[in-house]
Structure formats: structure tokens, C-alpha cells
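Asks: Kindly produce the complete structure, drawing on both the sequences and the hints.
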Amino acid sequence: MLYNSLTFGIFLISVFFVYWFLLRANHKLQNYLLLSASWFFYGWWDWRFLLLFVSLSVFNYLVALALDKAQEKSIRKIWLVAGIVLNLGVLALFKYFDFFVDSFIDLVSLFGYSLPKISTSFVLPLGISFYVFLALSYLFDVNKGVIKANRNLPEVLLALQFFPIILAGPIQRPSGLFPQISAKREFDYARVVDGLRQILWGLFTKVVIADNLSSFADDIFNNYTFYSGSTLLTGAIFYSVQIYADFSGYSNIAIGTGKLLGFDIVRNFAFPYFARDITEFWKRWHISLTTWFRDYLFLPISFSVSYKIKSERVLGIKADLFIYIVASTVTWLLTGLWHGANYTFIFWGMLHGFFLIIYQWQKSPRKKFMKKRGINNNNKFLVLSETLLTLVIVLVSWIFFRSDSIGDAFSYLGILLSGSLLSLPEFPNMKICLVITILTVLFLYVEWLGRESQYAIQNIALRFSSPVRWSVYYILVIVIFFFAGLGQKFIYFQF
Amino acid sequence: MRKFIFRVLIFVIPFILLAYISDKTISGILKKSNSFADGEYPVWNDLYNGEINSDIVIYGSSRALKHISPEILYDSLNVPAYNLGVNGHTLRSEYFRHTLLMKYNRLPRLIIQTIDVTSFEKISDLYNPDQFLPYMLNNTEMERGIFNGFRHIDYHLPMIRYFGKKEAMLEVLKLVFAERLNTPVRVRGYRPRDQEWTDDLKSAKQKMGLLEVKSDSAIIVLFEKFIAECKEKKLPLVLVYTPEYIEGQKFVSNRADILSIYSILSQKYDVPLLDYSNDSISYNRNYFYNSGHLNKTGAELFTRMLIRDLYSINLLPLKDEGQ
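Just so you know, the sequences run in chain order A and B.
With this note's numbering, the residue at position 372 of the first sequence is 372, and numbering never jumps.
In short: position in the second sequence from 1, add 1000, done, that's this note's numbering.
Since the hints were made in silico from the structure, they are not lab data.
A virtual CB, placed ideally from N, CA and C, is assigned to each residue, including glycine.
Be aware that one or more of the hints could be misleading.
[Said to hold, decoys possible] Derived DSS-like pairs (lysine-lysine); straight-line CA-CA distance at most 30 Å:
hint, chain 1, residue 1, chain 2, residue 2
1, B, 1003, A, 431
2, B, 1024, A, 431
3, B, 1031, A, 431
4, A, 431, B, 1032
5, A, 431, B, 1234
6, B, 1202, B, 1296
7, A, 28, B, 1003
[To be verified] If we take Cβ atoms under 10 Å as the criterion, some of the chain A residues that face chain B in the derived model are:
hint, residue
8, 22
9, 189
10, 211
11, 431
12, 484
13, 485
[As the list claims (entries may be wrong)] Here are a few chain A residues that sit away from chain B, every Cβ distance over 10 Å (derived from the structure):
hint, residue
14, 144
15, 192
16, 275
17, 315
18, 353
19, 373
20, 376
21, 381
22, 465
Replies: The following block contains the structure:
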């Protein structure tokens, strides 16, 4: 049941009406409805994995209770380790087993040994990476005492399996969802309309922009050796917009769906391509994941390393930069790996880690240099050039993310930077490509105009009168209807 | 809550009310296109409007469409002819066109049915589905005739089938704002290709190896039904295996078996079969643009050869009706 399918539309409308019409007076029954709907939604994909998710959720419920109950630190540690091992174990088994085994066999073969290939050929349960991070955040927060373990099993199950976020986030931590689940929810006209508007924008972004760009980007990446440098550059730009439109579109639909049901789900994107530097980019891209890594990995590593460092410099590097390098390297290695069992993702993560370290390293000298030369930090030319530089870094990294192997990515870059970069790009269907390019430029322009709001067209209600607003909605519906790209799944479902 | 539902209804109702009118308008404009969807609309229009009006009709796939010129038939015989070849389709779709011809048009006096190794093949994908779009609404005969590629609701709910059809919408815009660009690509259904040889047989062989074409028994039965119908209506019919470049004939491993089915059916129903597989034209690459298709020069030469051979088997000159 894809978010951009008729089936999901019928499902959501049914849930919405039962939820607000029949069960409005009883929020516990509303919760049961949402839990049943979430199970139905997930079971639609594969009921066997639904059983896996329910079992894991019950396990996490029990571990959280045990963590809460345990007085001694050592016992808490045992329960926490058990929770981490089981959750990460499931993730490792389904997602990384083949990758690690193959890598080990390749490593051993370097020393002249030959081992037989072992493959599990497991199907990856949809949303497993997101689910595990949700569950772990629950256990970590209970362990730290940020929240108390919830004794209400249906509420825990709902927080871990809420259908708008179960497949690809946003990673809405249970600590933020429990208060909303346990409180009575009122029908709020403004919030519901806002949710519908966000879904509409998400659908346009996903179905019109991402899905249409994907047909060109896929063709170019799959046959890059046949294309000129200029076409490959266009392909990389198309993919960069596609992945943003795909995932931010999905997130808008998920958050909008939450609003229809009276829930506030954490924001996932904040117009990342308008970021001035790579740090800012990561504050705006997949926010729920980056904050997860920040809170549960980067900061704990930073604190742990800082306790061990006694001097001002380590290996000739300032202590704070050294700490940043260590924490960043581990965090970005794992961020890359989280995206998939492939060296391309690890390389992509490390590339971002490298640029973040470079940014951190030059921050202080840059500030001094600017002050010395009297350069205004908000100089428009400076802002524009830094934004463009950030875009180039991100674009190059997406080539590694999208390619089948690191070798392919380098070959792609090699052709891209060849003399054919100065030729005119070619596409199989120029007419459609032109129309989609125009729509994409319009899309980015609207995103720019709406960059101060949660999503691009959120403030349309404040800026325009009803007739204009409704005209915009009608145009969006008509464009979605006629210009939908067909049959494309969400990119982040594979993670 | 009431306010919300009221506003949602107000928003949605215009779409429902306008769906039927929009469907009729878009379909009406699209039907005027000469080149969209492989230039099939003029042919469908002629079929539905009873404007085929020909004594000789040609059925078949792209190898009919590009191989037999109705103009040369007309110039040589002084009788109107029409090429109903449909690109990328097999006998099932060809038969559907036959049923429309029988229903909405005057009867022809000769049917030239071209045959291929793939004619009996069951194809899972519907090739060039956009050619059906403007004719589908509440068209149950098309729903039965075009057996795959669309859902039931596509035939019965207005506009649904246009979802995601951006090329069709751009064509509508072109027809509204730049009608002068609407140039015909087919003449009485015929669409020759004025092109020299392009195929790379060596790499194709390496890529694909030998193909085995599976014949579907239900389509063979349908073909027999078609022949029987022609017999019953006393419509002269000839089966023609049009030229195929000799090297290309080696691609299909069971080619001989498939051709033997045609021979058996030809004898069983006493329908003449003309096979040009070994004709000199099939040995000359200059007449082809790829192994399966003649170029314009080849097609013109072949049409003249066909006329000569139809004379030799007494299908020409055409018999008067009732004779």
C-alpha cells in the first residue's frame, strides 16, 4: 500500500471517518483503531513481518519495564545490552548478514584462502531500519531517565508501529509520541486542513517531481558510459532533486497524515538545498535521523573521548577538533551503513564526515580571516558562493550514493569531468524532459518562497485569499493527475 | 467537523461534475491527432466512423503496416485499399480491428492477412496503450477486444485512464495551440520508413541468442474462427508471409514449426498462402532497414510483386460482389 496509491487513499479516508465520527468520544478506542489500522497497513505488505514487528515491540515493552524497575546499574546495563543486541541483531540478520559475510570472504581471499559463499537471501522487512531506531531511542530514553517506561502495552505498540511513520519515518521518538497517544485528541479544523495541504504538497513533490525525474536519472545512471559529461551532470542534478523530492514528499505525506489524526510528527526536512554550509545541510536533511545519531552516538562518543583526554593537543591536533574527528568518523561511518549494506553508502557517509571535519577545522581561522579583512559574513556574493559550494559537495556525494559501486561512481565522475561536459545534454524524450525540468524549476522556486515555513505551501493560507488558494489547490490536483510519474516506489523504503 | 466535510465536498464536487465533460473534450481533441500514439488515431477514427471504404484491406502487425502500400494498390488496380496493420500487436488485436471493420464499414472484396512468427504469441504487455485512450469510455467491445493493459474502471469511469498520461496531455495542448504541427504520418494506414539498413545483426545475435516463440493455442483457435468467418461471408482471404531478411530468419529457433501451422491452416481451409521468406527480395539488404522490416523502396517493390502474385493465384482482378 504505497502512500501515492488509490488503496492508501481509501484506507486513510476510512480510518479518518471512523476515527473522528464513530470513536471521537473515546480516545482509547481511537488508539485501538489506530493500532489495528497500523497492523492492517503493515500486514498489507507482508503479514509475516508484521508478526516480527509485534514480537519485537512486545520485547521492547518488557525490556523498558525491566530497565525502569532495575535499581542497580549493572542490571540496567544487562537489560539495555539485551535490548540493543536483539534489535540490532534483527537488523543485522536481515540487512547486513550477506554484506558482512561477503566482505569477510573477500578479505580472507586476499590472504589466499577460499571460503564457500553463504547467502541468506532474506527479504528485507520494510521499515526495519526506522523501526529499530525508534525502539532503541525508547530504550535509551528510559535508561537515561528521560521518560518512564510506559506500562500500557497498546500505547507502546502504537508508538512503535504508528502507520504514518512505520515505513520510512520520520523517526518520531516514543518520548514525543506517548503524551499525544495518552491525551484526548480534539478535531481541530485548522490542523486537519493543514494536514491535507501538506499531503497535497507531498504528493506533488513525490509523484510529479521525484517520479518523473527518476525515469531520466535512472536511465542516465544505468547507462552512464553511453552519455556525455553534460548529460551526466544533468543526471546528477536530476538525482539530487529526485531524492530530495522523493523523501521530503514522503515525509510531508506522513506528517500530514499524522495531522489528520491529531498528531504532531517531528519535522524531517527544512529546505536542505538552501543550506549555506555542510553543517547546516545536515541540520536540514533527514532531521529525525541526524538528531538521533547526534543524541545517541555523536554526543556520547564526544563525552566519552573528552573524559579520556587530559592534554590540550592530541597527535598535534587541538583536543576539541580531535574529539570531533573521532566522533564524526564513527557517526558518519554508521550513518552510511544505516542507509544500506553497500560500500557506496559507507563511502558516501565518510565523504560527508570528511567535509564536516574540514568545515569544523576551517571555522575558526575563517572567522579570524573575515574579521581581519572586514568581510561581512552576510555578503550576498559570499552566501551565494558558499551555498553553491555546498550544493556541489552534496551533488558529488549523491553520485556515490546512487551508483552501483564506488568504481562506477568514479567512472561517472571521470566522464562527467571530460571534454564532453561542454556539449549539449541529450535525453531519449526531450519534450517530456523539458516539461519536467520546467516543473522542477517551479517546484524549487516555490520551495524557496516558502522556505521560512514548515513546508513550502504552508503559509499560502496567510498570504492569499480563498479563491487564489483554492485555485492553487485545483492546479496542484490537476498537475498531479496528468503529470504523475507511474509505478515508482519511495527510495527510502529500501533502507 | 461539519464545516470541514462541507468544504471537502465543495472542493471535490467540481471534479466529479466535470469529469465526464472533460473526458469527452480531451478524447474529442485527442482523436484529431495524426501523429500521437504511433499515428493510430486516424485509423481508429476511420474504423469507427465507417470511413475505411475499401475493396482491399490489409491486416497484420508492423510488417503489414510498413510493407504494403494502399496507394500502389489503388494506382495499379483502381480500387481503394486500406492498411490496418497495427504496430507491436499480434492476431488478437488484429482480429479486434477486423470486428470493427465488419461492424461499422462496408465489406471489403479482398483481405490480405500478413502473418509473422510472432502472430500467435500471447503478449503480456499492451504495446502503445495510448492509442486506445479516446475510444475507451463505456466501450465494452474494446474492453473485450483489448484483453489486457487496462482495468475495468478505466473503461467505465471518466478520466481515470488519463491518470499520469502527460504525453497525451501535451498532445492535447499542441492540438489546441499549434494545430499546424499536426502533420499526418500515415496514408490510408500505411506508414513506410525511408531509411537504410540500421540493424547490427552480430551484436543482436550475441545479445539475444536463439529465440523460441511460444504460440498460444487460444490465439490459433481465434485465427481459425477468423478464417471460418471470412469463408462464411465469402470474403476472399490470402495469407502473406511478407519478406524477412534472410539472416534475420535465423533468430527464431522454431520458425519452421510456426510456419508449418500456417501451411496446415491454409490447406485445411483452402486459403492461399504466399510466403516470401525465400524470395530474392529477402536476400537483398538494400530493401530493409532492419531484419524484419522493409524500407520504403523495398515496400514499394514488394507491393508490386504482391499484386503480380495475387493475379497469378486468381485473387485479382477482384471479383464482383456475389460472384
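Asks: Could you run down the list of hints and mark each one as holding or not?
Replies: How the hints compare with the structure:
1. B/1003 <-> A/431: 43 Å, violated
2. B/1024 <-> A/431: 25 Å, holds
3. B/1031 <-> A/431: 21 Å, holds
4. A/431 <-> B/1032: 20 Å, holds
5. A/431 <-> B/1234: 49 Å, violated
6. B/1202 <-> B/1296: Satisfied, since the Cα-Cα distance of roughly 24 Å is no more than 30 Å.
7. A/28 <-> B/1003: 26 Å, holds
8. 22: Since chain B brings no Cβ nearer than about 12 Å to residue 22 of chain A, farther than 10 Å, the hint is violated.
9. 189: Hint holds; residue 189 of chain A Cβ to chain B Cβ min 5 Å, cut 10 Å.
10. 211: At about 9 Å, which falls below the 10 Å cut-off, the nearest Cβ of chain B leaves the hint on residue 211 of chain A intact, so it holds.
11. 431: 7 Å, holds
12. 484: Hint holds; residue 484 of chain A Cβ to chain B Cβ min 4 Å, cut 10 Å.
13. 485: OK, holds: residue 485 of chain A within 10 Å of chain B, min 7 Å.
14. 144: Given a closest Cβ separation of 41 Å, the condition holds.
15. 192: 6 Å, violated
16. 275: Non-interface label on residue 275 of chain A holds, nearest chain B Cβ at 32 Å vs cutoff 10 Å.
17. 315: 56 Å, holds
18. 353: Fine: 40 Å to the nearest Cβ keeps residue 353 of chain A off the interface.
19. 373: Non-interface label on residue 373 of chain A holds, nearest chain B Cβ at 52 Å vs cutoff 10 Å.
20. 376: 46 Å, holds
21. 381: Answer for residue 381 of chain A: holds, closest chain B Cβ roughly 39 Å.
22. 465: 15 Å, holds
Against the hints set out earlier in the document, violations occur for numbers 1, 5, 8 and 15.
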